[in-house]
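In case you want the letters, here they are:
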Amino acid sequence: MISVEELDQIAETVRTERAQGRHQINVCVAAGCLALHSDTLKGALAERAQSSGISCQVRGVGCMGLCSAGPLVSVEPGAILFQKVKPEDADRVLDSLKAPPAKQHTDLRQTPFFKRQFNVVLENSGKIDPENIDEYIAEGGYRALFHALIEMTPAEVVQEVASSGLRGRGGGGYPTGLKWGTVAKAHGTIKYVICNADEGDPGAFMDRSVLESDPHRVLEGMTIAAYAVGASKGYIYVRAEYPLAVKRLERAIREARRLGFLGSKICGTTFEFDIEIRIGAGAFVCGEETALIASIEGMRGTPQPRPPYPAQSGLWEKPTLINNVETFANVPPIVRRSGAWYSAMGTPKSKGTKVFALTGQVKNTGLIEVPMGVTLREIVFDIGGGMPEGRKFKAVQTGGPSGGCIPEQCLDTRVDYESLKEVGSIMGSGGMIVIDDTSCMVNVARYFMEFCMSESCGKCIPCRAGTAQMYDILQRITRGQAGERDLELLIDLCDMVSATSLCGLGQTAPNPVISTLRYFKQEYLEHIHAKRCVAGECRMAATQAARS
Amino acid sequence: MQAPSRKPALPSEDKRWRIVNGTMRRHGYARDALIETLHTVQQSFGYLDKQSLKFVAASLHVPLSRAYGVATFYHFFTLKPPGKHACLVCLGTACYIKGAAALVAQAEKTLGIECGETTPDLKASLLTARCLGSCSLAPLVVYDGELIGNEDAVHLQGRLEGWMGS
Amino acid sequence: MKKKLATVWLDGCSGCHMSFLDMDERLIDLAEHFDLVYSPIVDQKIFPPDVDISLVEGSVSTDADEHKIKLIRERTATLVSLGDCAVTGNVPAMRNAFTVDSILERAFGDRPVTHPEIFQGLPKLLPRVRPIHEVVKVDVFVPGCPPSADTIYTLLRELLSGGSVDVARLTRFGA
Amino acid sequence: MTQAMEVKTLRIDGVDVSARADQTILEAARENNIAIPTLCHLDGLSDVGACRLCLVEVAGTNRLFPSCVTRVEEGMQITTSTDRLQKYRRMTLELLFAERNHVCSVCVSNGACELQALGQSQGLTHIEFPYRFPQLPVDASHERFTLDHNRCILCTRCVRVCGEIEGAHTWDVMGRGEKARVITDLDQPWGTSESCTSCGKCVEVCPTGALFDKSDVGTRARKHPEFLTYLNEMRGGQS
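Protein sequence lines correspond, in order, to chains C, U, E and W.
Using numbering that gives the first Met the number 0, the first residue of the first sequence is number 0, and each one after it goes up by one.
Using numbering that gives the first Met the number 0, the first residue of the second sequence is number 0, and each one after it goes up by one.
Using numbering that gives the first Met the number 0, the first residue of the third sequence is number 0, and each one after it goes up by one.
Using numbering that gives the first Met the number 0, the first residue of the fourth sequence is number 0, and each one after it goes up by one.
Chain C on its own, in the form it takes in the complex:
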């Protein structure tokens, strides 16, 4: 068990080491750069440094954000960032410790990609070694937990989170404080906290990055939540596709237990809480709360009708708090600094910052964090650097299979829950995919419908059979086999499936169709009447008889 003084001591030790003037070479070892063999690079750098007698510390750190330029290496002090570094570049990186860096390595952090961002959730990402709890502590980690457990009552913690205006970052945008309050007030002595790390939206990797780059932040957030709602057991439900995140979480949990941040008598109080990891097995629908609970219980991940809500009757029919990774990751800074500090950022209804995975046909792809309220144009054209040479912007897709495609004329839309909904998309978990004029929008709709159809659990009829019919229709349209009647049926199905499906997956499955019909109806009509795909993506079978 650890005291505040010892916490200070750990932080001090880390800082002293850093202050000794030794350079630090930080190599990104999050999944993106790791896939480009940054672990080999890290080894090469360490080896070269040793053999040439250069005194420096080579560390693996979490995601630095600009994944398209990976593998990334940063040198501290000096905040110099090297991009696309190969093992044979080791000498060049080490040279920069002696002399100012070569011209081609101008400080990328002064570019719009970094300057336009504001980091809360990602404040430690790319700066600390995710496999070393001391480094998290050195950045002020676990202070919030001490503060909450020793100086605040559970009700005060709920109040602080409520006053921050934080809303669920998994996509729904339900006020986090309200949810916590409901679970806190729910009857029962046994309660659970679940962290939803089943990041299922294709094109989204925010949660993965947070878990891989700063896992303790999530554990701390969950533990504070458990204290606030009165839970003693927590689960993190992680996708099986994220083995590295699982590995780092396992290590983080072990370290947190060792220092008494998990287990019994946390921070010297009577509070008890522990966390278990549950690995998903590949089912998008398990991102839905009740399906996720069924999956933790070892069952098929089929959703249940709500009410009762998990806050009243969730895991094993006990009151259960479910938040996603990014939501929990926001909690420590809110408790540490105050809800008022957090709510000063963002728009009147959407507070704080949001992490996005910016990908697709845009120059700078990677992970970004911006204050709520920036426009999509700023994200795509300033931070993202606009389109690659010769490409023309067509739409930006947000919200994954539950979201929509936002066209050029709506690019000045501000990023907040309500504004994105108004233009026919949703905030979602944070996937943001830029689409250019080589993509057919009907085909994009077909892609998402295929996704929903095969991810439908099959329990309720509208989602199971409705998405299959919608997919068939979209398939006929992209093949030039559809008639006017098909379009009418498609529109009817959009309405019916969203109004009658049992869970969020079905209710939002028509969204990609609805939004592309809203902004790109001409493309649908051209496929149907002229048997023509303006993007040149669809192969038309003109001879097939169309339905009357």
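In case anyone wonders, no lab produced these hints; they're calculated from the structure.
Glycine included, each C-beta is placed from N, C-alpha and C at the ideal position.
Honestly, I wouldn't trust all of these hints.
[As the list claims (entries may be wrong)] The calculated DSSO-like cross-link candidates involving lysine-lysine, where the alpha carbons are at most 27 Å apart (straight line), are:
# : chain 1 : residue 1 : chain 2 : residue 2
1 : W       : Lys7      : C       : Lys317
2 : E       : Lys69     : C       : Lys530
3 : W       : Lys178    : U       : Lys79
4 : C       : Lys114    : C       : Lys348
5 : U       : Lys122    : U       : Lys49
6 : W       : Lys86     : E       : Lys136
7 : E       : Lys44     : E       : Lys123
[What the hints assert, rightly or not] Distance windows between CB atoms, simulated:
#  : chain 1 : residue 1 : chain 2 : residue 2 : range
8  : W       : Gly122    : C       : Glu417    : 34 to 44 Å
9  : W       : Glu232    : E       : Ala76     : 56 to 66 Å
10 : C       : Thr268    : W       : Asn31     : 51 to 61 Å
11 : W       : Phe226    : U       : Arg30     : 22 to 32 Å
12 : W       : Arg29     : E       : Asp42     : 57 to 67 Å
13 : W       : Glu72     : C       : Thr188    : 26 to 36 Å
14 : U       : Asp13     : C       : Arg336    : 50 to 60 Å
15 : E       : Ala106    : W       : Gly110    : 28 to 38 Å
16 : E       : Ser101    : U       : Lys108    : 19 to 29 Å
17 : C       : Ser51     : U       : Glu12     : 53 to 63 Å
18 : E       : Lys136    : W       : Thr8      : 43 to 53 Å
19 : C       : Ala154    : W       : Glu72     : 23 to 33 Å
20 : W       : Arg10     : C       : Ile189    : 33 to 43 Å
Fit chains U, E and W to the known structure of chain C by using the hints.
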């Protein structure tokens, strides 16, 4: 109330069954350990066959049909033995926008099988993923666990032909 | 003036026509209001223009059926899908889960063909049997296998008087 | 049941009704002779809210509520049959008819099928959606019963009755989405099932001809799910 539970005997001398049993023991043979246990079976044996499903179901007191229902609900589990090599094409949105469909088509052509299948000589399996979360490297293919970003059809074909020739 | 009535037999068992004939003495009543201008039970070989009501039995299974139903649609004011084969595909559509080749092989594969020329000019099976409304627009649907004589009579009387027919009250799939 | 169960008053289709606080909208409606179509619901089994036919409108929200699992609340104003609801119900049924191969004319349950009857009562005369014609097997391996996947609508009544009433849990659902199918044990031929007691409850509760008794072939097989209410009463459960 459950009667004192009898545990079925391990199906064979194979040491891997002890690993499977270890997972179940760690979870106190609770029914909710089904998915965790199936993960262990798949890690140990490469796939879930009927014998292992029967063993796990009996050990955890889960009805056979429920065990089978769970095993087939989740994409991650496979009931067929996998090939010696595995090619996994990511079909996430970013990969799709950047041409993953053409990669799938090339892989299907080269291996002569469809997604989700294994070649008859068990040399290679062709799989797809919903999203691997490395979208900046789109399109993405994983060859036997090795992640290759910005993949193109020519390189993919070469890689797969290498497997089939070996 | 009498209305022009046609009845058509596509891919079906002719049961709907049997049901039509089962109207018995009521046929005489109907004959006062209708001219039967085209039907399997009359001699007319060419589907005439300006037909008021066409009762179509059977599904669209061959290229000839498809050609025929399009012509009938052009020349008919009120097209009635009569019976389950026309409305749902019914029994003829049970082959849709299989390919045409595998069906022909199953039916004729092991028979020696002594006069292959007899196959020439036969209508070609479409890959998929379809209900009529998947090919042309249909005005009234009358499910049933077959729809009863009462149903057909009530329907024709209603159509004659220009009223709308609540078919679901009279019949259902499989009736 | 405790005697002092709270009573709620609400309005269904303009009729003032009262119901116990633990009752569902469906129960309250049926006690007052207000018909709401259902398919996956069956008196005596747990409710899953899956078929969406019993959705009703509640004043004050645009959301639709499955009446089989939604508890009554004080002052609720419920409408069970608007144009919108009727349209959705018809579409739901059409989706079912188009999903698999329902050929009423050759079905053992013709004339005794809940899907067929609902189709008629909801005014269906044809299916707008193209039929999907999947290729599905028939399992006739059991000595007394047959399972025809072509006629299965995945209501899961068989799964529930087998697990909840018979206690065998022979049935479950495998796969997901449009590929989901009911199975016995490890998706093996029914006749080889180790857990099946051949009690026939699944057959009696099946709303279509997907599960039928071989001796009923050629007849219009009536199902008798009423035994459920009786069994539950005798076991001391709620009606």
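Quickly compare the C-alpha distance for Lys178(W) and Lys79(U) to 27 Å and report which way the hint goes.
-> holds, 18 Å
Range hint compliance [Cβ, Thr268(C) to Asn31(W), 51 to 61 Å] | holds, 55 Å
May I ask you to test the hint 56 to 66 Å on the CB atoms belonging to Glu232(W) and Ala76(E)?
-> Cβ of Glu232(W) to Cβ of Ala76(E): about 59 Å, so the range 56 to 66 Å holds.
C-beta pair Lys136(E), Thr8(W): status relative to the range 43 to 53 Å that was hinted | holds, 50 Å
Ala106(E) paired with Gly110(W), Cβ distance criterion 28 to 38 Å = This hint holds: roughly 31 Å between Cβ atoms.
Hint consistency between Lys69(E) and Lys530(C) [alpha-carbon to alpha-carbon, up to 27 Å] | holds, 22 Å
Take a quick look at whether Lys114(C) and Lys348(C) sit within 27 Å of each other, Cα to Cα.
-> Given that 27 Å is the threshold and the Cα spacing comes to 25 Å, the pair holds.
Quick one: are Ala154(C) and Glu72(W) within 23 to 33 Å, going by C-beta?
-> holds, 28 Å
Would you say the C-beta atoms of Ser101(E) and Lys108(U) sit inside 19 to 29 Å of each other?
-> holds, 25 Å
Do the alpha carbons of Lys122(U) and Lys49(U) lie within 27 Å of each other, as the hint requires?
-> holds, 23 Å
Within 26 to 36 Å or not, the Cβ separation of Glu72(W) and Thr188(C)?
-> Hint holds: Cβ distance 27 Å, inside 26 to 36 Å.
Could one say that the CB atoms of Arg10(W) and Ile189(C) fall in the range 33 to 43 Å?
-> 38 Å Cβ-Cβ, so the 33 to 43 Å window holds.
The structure is consistent with each of the numbered hints, conforming to all of them.
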